[in-house]
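> If you want the building blocks of each chain, they are given just below.
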Amino acid sequence: MIYAVIAAGGIGSRMGNLEKPKQYLTLKNKPIIAHTVEKFYVNSYFEKIIILCPDQWVSHTKSILKKHLPENDRVVVLQGGSTRNETIMNAIKYIEETDGLDDDTIIVTHDAVRPFVTARIIEENIEAALKYGATDTVVPATDTIVESQNKTTISNIPDRSKLYQGQTPQAFKAKLLKDLYYSLTEEEKDILTDACKIFSMKGYDVHLIEGEVHNIKITYPYDLRVAMALLEDEKK
Amino acid sequence: MLNTVYRLTQPRKFEIAFDDIDIFSGDIIVKPTHLSICNADQRYFQGTRDPKVLAQKLPMALIHEAVGKVIYSPDPEFKPGDMVVMIPNTPTEEDEIIAENYLRSSKFRASGFDGFMQEYVSIRADRLVKLPDGINPEVAAFTEIVSVSVHAISRFNRIAHSRRDVIGVWGDGNLSYMTCIFLKKFFPDSKIYVFGVIPKKLSDFTFVDETFLTNDIPEGMKIDHAFECVGGNGCQPAISQIIDYINPEGTISILGVSEYPVPINTRMMLEKGLRMFGSSRSGREDFVKTVDMYKEYPDIVEYLSHMVSVVKPVRNIKDMIEAFDLDTKKAFGKTIMKWEK
Numbered sequence: 001m002i003y004a005v006i007a008a009g010g011i012g013s014r015m016g017n018l019e020k021p022k023q024y025l026t027l028k029n030k031p032i033i034a035h036t037v038e039k040f041y042v043n044s045y046f047e048k049i050i051i052l053c054p055d056q057w058v059s060h061t062k063s064i065l066k067k068h069l070p071e072n073d074r075v076v077v078l079q080g081g082s083t084r085n086e087t088i089m090n091a092i093k094y095i096e097e098t099d100g101l102d103d104d105t106i107i108v109t110h111d112a113v114r115p116f117v118t119a120r121i122i123e124e125n126i127e128a129a130l131k132y133g134a135t136d137t138v139v140p141a142t143d144t145i146v147e148s149q150n151k152t153t154i155s156n157i158p159d160r161s162k163l164y165q166g167q168t169p170q171a172f173k174a175k176l177l178k179d180l181y182y183s184l185t186e187e188e189k190d191i192l193t194d195a196c197k198i199f200s201m202k203g204y205d206v207h208l209i210e211g212e213v214h215n216i217k218i219t220y221p222y223d224l225r226v227a228m229a230l231l232e233d234e235k236k
Numbered sequence: 001m002l003n004t005v006y007r008l009t010q011p012r013k014f015e016i017a018f019d020d021i022d023i024f025s026g027d028i029i030v031k032p033t034h035l036s037i038c039n040a041d042q043r044y045f046q047g048t049r050d051p052k053v054l055a056q057k058l059p060m061a062l063i064h065e066a067v068g069k070v071i072y073s074p075d076p077e078f079k080p081g082d083m084v085v086m087i088p089n090t091p092t093e094e095d096e097i098i099a100e101n102y103l104r105s106s107k108f109r110a111s112g113f114d115g116f117m118q119e120y121v122s123i124r125a126d127r128l129v130k131l132p133d134g135i136n137p138e139v140a141a142f143t144e145i146v147s148v149s150v151h152a153i154s155r156f157n158r159i160a161h162s163r164r165d166v167i168g169v170w171g172d173g174n175l176s177y178m179t180c181i182f183l184k185k186f187f188p189d190s191k192i193y194v195f196g197v198i199p200k201k202l203s204d205f206t207f208v209d210e211t212f213l214t215n216d217i218p219e220g221m222k223i224d225h226a227f228e229c230v231g232g233n234g235c236q237p238a239i240s241q242i243i244d245y246i247n248p249e250g251t252i253s254i255l256g257v258s259e260y261p262v263p264i265n266t267r268m269m270l271e272k273g274l275r276m277f278g279s280s281r282s283g284r285e286d287f288v289k290t291v292d293m294y295k296e297y298p299d300i301v302e303y304l305s306h307m308v309s310v311v312k313p314v315r316n317i318k319d320m321i322e323a324f325d326l327d328t329k330k331a332f333g334k335t336i337m338k339w340e341k
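Protein chains in written order, with the numbering used here: chain C, 1 to 236; chain X, 1 to 341.
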C-alpha cells in the first residue's frame, strides 16, 4: 500500500511577522496546505494522506481540510515529531498500528509548502521507490555552491555539474526506513538533515527523480509573492 | 488543485501557467498520456494564422486530439485507471436539429479555450468515451480526427442516394487514408477509388479497390459519389475534377479546409443536379461510433497504426518545441507526444 506523508512542521518563524505558519497562508483563495493535499488526494494510489503538524495546529489543520476537502475519509491529521525524521516515524507508527507494515509499504513524503508538485513527479517517485527502495526529487543546481569550513573563506567549490538542489517528494519503503532509522546511534541521528541521508549513510542507493524548477518551497515572504505571480491568469 | 498548463503565448513559445481545478465540481479529472498534433495546432505554433486571430486566442494550450487516464471520478461510469478519449467539442446547449459540432455556441478545445497540453484536464463526463482494454494509445490519440471522417461518412449515408457502386475519394493524405478505411467498412459492397498526386502515398492505400493519379485518370471513369479530402490550394482542381467525373445526382462531401474562397463550376453542378455538403469537427455520437468500430474491426486500428509517424516523449518545453518541429518534417501521418508531465 502507498501512503502520502505531508510534513507541515514549520512554525512560520522565517515568514516575517506573520501569525500563522506558512502552510496556512492563502494562495488563490485557499490555504497552501489544502492545495498540496489535493494533489495527493486525487490520486487513488494513495491509501491515506497523512498530514503531520505541530500539536497546537492539529485542530486548525483538521478544520481547514474539512472545509476544503469535504469528502476526506482518506485524510488523517497527526501530531508531528521534534525533527523531520521523528515526524516521518510518527506517520510510519500510525500506518503500522492501523493497516500494518510490510516490505512493499511505500511512503511518499512531501513538504506541505510545495503545492506546485506535479503528477509526473509523484508517479515517478512511487515507481522508483517500489523498484529501488528510496528516492529523492532534485533539480540540477543553477547557482555555484561554495563551501566554507570557517564561515570566512572558501574551502572548496564543488563541481556544479555534479550538484543538485533537493526538493520533495521523497519516497521510501517504509519498513526499511524505520529499521534503518532505529539502527542509528544518537550521534548519527543528530547530523541527519533528511530521510534520504539515512539510506545513503547505511550504504543504500537513493534514486534521483527529476523535479521541476516551479516546484518551489514557500519559505520566505518572497516565495509567496512568486507563488502568487505564478497563479496570476495572464488571460485576464 | 493547482494544475500546470502549457500555453502557447506567441508563435514557437510555450510558457508554464497554473490554474486551480475544483476537484469537487463534478467533472472527471484525466491525466493526458498521448497527444496528437493537428495542422490547426501547427498553424498557431508557426504563427501562420491571421495576426488578429493569434492576438485574440493566445495565450492558449494547444492540442485537441488526446487520450488519457482517469485519475479521479465522482461519476460511477468512470473509475481511476480507465483509458479514455477526450472530446474537444464542448456544447453549452442542446438542439434537436443542429448537431453539437455545428452549434455556434459550442466551445472547442485549443480554439476557444485551453486544449490538452496540461498536467490534468478537468472535463465533463459526457466529453469522455472509454477506450477498449489494450488498444494502441498512439492510435487512439488521434481518434478525434478519425471521428471527423466517421462523422462525414455518417452524414453522407443520410444525404446521398442509394446507388453507391463507386465512391471516389480525392486526396492522398491523412484525411483521405482514414476516410477510405472507414468507407470500406461502412459500404463493403461499394468500390472505393482514390485519386491522388503522389504515387508513393497512393501505394499505402492497399485496402481500396483502385488508386489513380489525377493527371492520368482513365477515359470513361464514372463515380456515383465523391469525398474531397484535399484542402488548401488543391481544393479547386479537386472539386473541378469531381464535378467532371461524377454521375448526375451524385453527392460530394467536402472535408478539406481551404483558407480562401474556391470557385466552383456551378453550371455543371446545376446541369447534373449535384448535392454538395460540408462537414467539420465531430460530436460525442461520432466518437462513440468510432470507438465501437475499433472494437468491431481490429484491422482498422492496425491500418491506422501505419499513420503513427513519430512518437516523441515530452517531459519539458524543449521537447514540446522539438515535437512540433518534427511534425513539420513528416511527409505523412501523425506526430504523437507521449506526455510525461
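One should not assume that every hint holds.
25 angstroms max Cα-Cα, derived SDA-like pairs, lysine to any residue [claimed, not checked]: (1) X:Lys13 <-> C:Asp194; (2) C:Lys217 <-> X:Glu340; (3) C:Lys48 <-> X:Lys57; (4) X:Lys330 <-> X:Thr214; (5) C:Lys30 <-> X:Ile16; (6) C:Lys202 <-> C:Arg120; (7) X:Lys69 <-> C:Arg74; (8) X:Lys184 <-> X:Ile159; (9) C:Lys67 <-> X:Ser122; (10) C:Lys30 <-> X:Pro76; (11) X:Lys57 <-> C:Glu232; (12) X:Lys338 <-> X:Thr9; (13) X:Lys272 <-> X:Gly220; (14) C:Lys162 <-> C:Val139; (15) X:Lys79 <-> X:Ile16; (16) X:Lys338 <-> C:Lys30; (17) X:Lys318 <-> C:Lys28; (18) C:Lys162 <-> X:Ser25; (19) C:Lys62 <-> X:Asp20; (20) C:Lys48 <-> X:Lys13; (21) C:Lys66 <-> X:Asp19; (22) C:Lys162 <-> C:Glu187; (23) X:Lys318 <-> C:Lys62; (24) X:Lys69 <-> X:Arg155.
Simulated from the structure, these hints should not be mistaken for lab results.
> Are the hints correct? Go through all of them and say.
For each hint, the structure was consulted:
Our distance criterion of 25 angstroms between C-alpha atoms is broken by X:Lys13 and C:Asp194, whose separation comes to about 38 angstroms. A distance of roughly 22 angstroms separates the Cα atoms of C:Lys217 and X:Glu340; the hinted pair therefore holds under the 25 angstroms criterion. Among the hinted pairs, C:Lys48 with X:Lys57 is inconsistent with the structure: their alpha-carbon atoms are about 41 angstroms apart, more than 25 angstroms. Taking the CA atoms of X:Lys330 and X:Thr214, the gap is near 23 angstroms; set against the 25 angstroms cutoff, the hint holds.
Distance restraint check for C:Lys30 and X:Ile16: the Cα-Cα separation of roughly 21 angstroms lies within the 25 angstroms cut-off, and the hinted pair is therefore satisfied. Taken as a hint, the C:Lys202 and C:Arg120 pair is broken in the structure, with Cα atoms around 29 angstroms apart against an allowance of 25 angstroms. Restraint check for X:Lys69 and C:Arg74: satisfied, since their Cα atoms lie roughly 21 angstroms apart, inside the 25 angstroms limit. Taking the CA atoms of X:Lys184 and X:Ile159, the gap is near 18 angstroms; set against the 25 angstroms cutoff, the hint holds.
As the CA atoms of C:Lys67 and X:Ser122 are separated by approximately 21 angstroms, the hinted pair is consistent with the 25 angstroms bound. Taken as a hint, the C:Lys30 and X:Pro76 pair is broken in the structure, with Cα atoms around 28 angstroms apart against an allowance of 25 angstroms. About 18 angstroms separates the Cα atoms of X:Lys57 and C:Glu232, which keeps this hinted pair within 25 angstroms; it holds. As the CA atoms of X:Lys338 and X:Thr9 are separated by approximately 22 angstroms, the hinted pair is consistent with the 25 angstroms bound.
Restraint check for X:Lys272 and X:Gly220: the C-alpha separation of about 17 angstroms stays at or below 25 angstroms, so the hint holds. As the CA atoms of C:Lys162 and C:Val139 are separated by approximately 11 angstroms, the hinted pair is consistent with the 25 angstroms bound. Distance restraint check for X:Lys79 and X:Ile16: the Cα-Cα separation of roughly 29 angstroms exceeds the 25 angstroms cut-off, and the hinted pair is therefore not satisfied. A threshold of 25 angstroms between alpha carbons decides the hint, and for X:Lys338 with C:Lys30 the separation of about 33 angstroms lies outside it, so the pair is violated.
Between the alpha carbons of X:Lys318 and C:Lys28 the distance comes to roughly 29 angstroms, so the proposed pair goes past 25 angstroms and is violated. Of the supplied pair hints, the one linking C:Lys162 and X:Ser25 is violated, its CA atoms being roughly 45 angstroms apart against a limit of 25 angstroms. Among the hinted pairs, C:Lys62 with X:Asp20 is consistent with the structure: their alpha-carbon atoms are about 22 angstroms apart, no more than 25 angstroms. For the proposed pair C:Lys48 and X:Lys13, the alpha carbon gap of about 39 angstroms is over 25 angstroms, so the pair is violated.
A threshold of 25 angstroms between alpha carbons decides the hint, and for C:Lys66 with X:Asp19 the separation of about 22 angstroms falls inside it, so the pair holds. Restraint check: the Cα-Cα separation between C:Lys162 and C:Glu187 comes to about 28 angstroms, which exceeds 25 angstroms; the hinted pair is violated. A threshold of 25 angstroms between alpha carbons decides the hint, and for X:Lys318 with C:Lys62 the separation of about 41 angstroms lies outside it, so the pair is violated. Taking the CA atoms of X:Lys69 and X:Arg155, the gap is near 31 angstroms; set against the 25 angstroms cutoff, the hint is violated.
In this structure, the earlier hints numbered 1, 3, 6, 10, 15, 16, 17, 18, 20, 22, 23 and 24 are contradicted, and the remaining ones agree with it.
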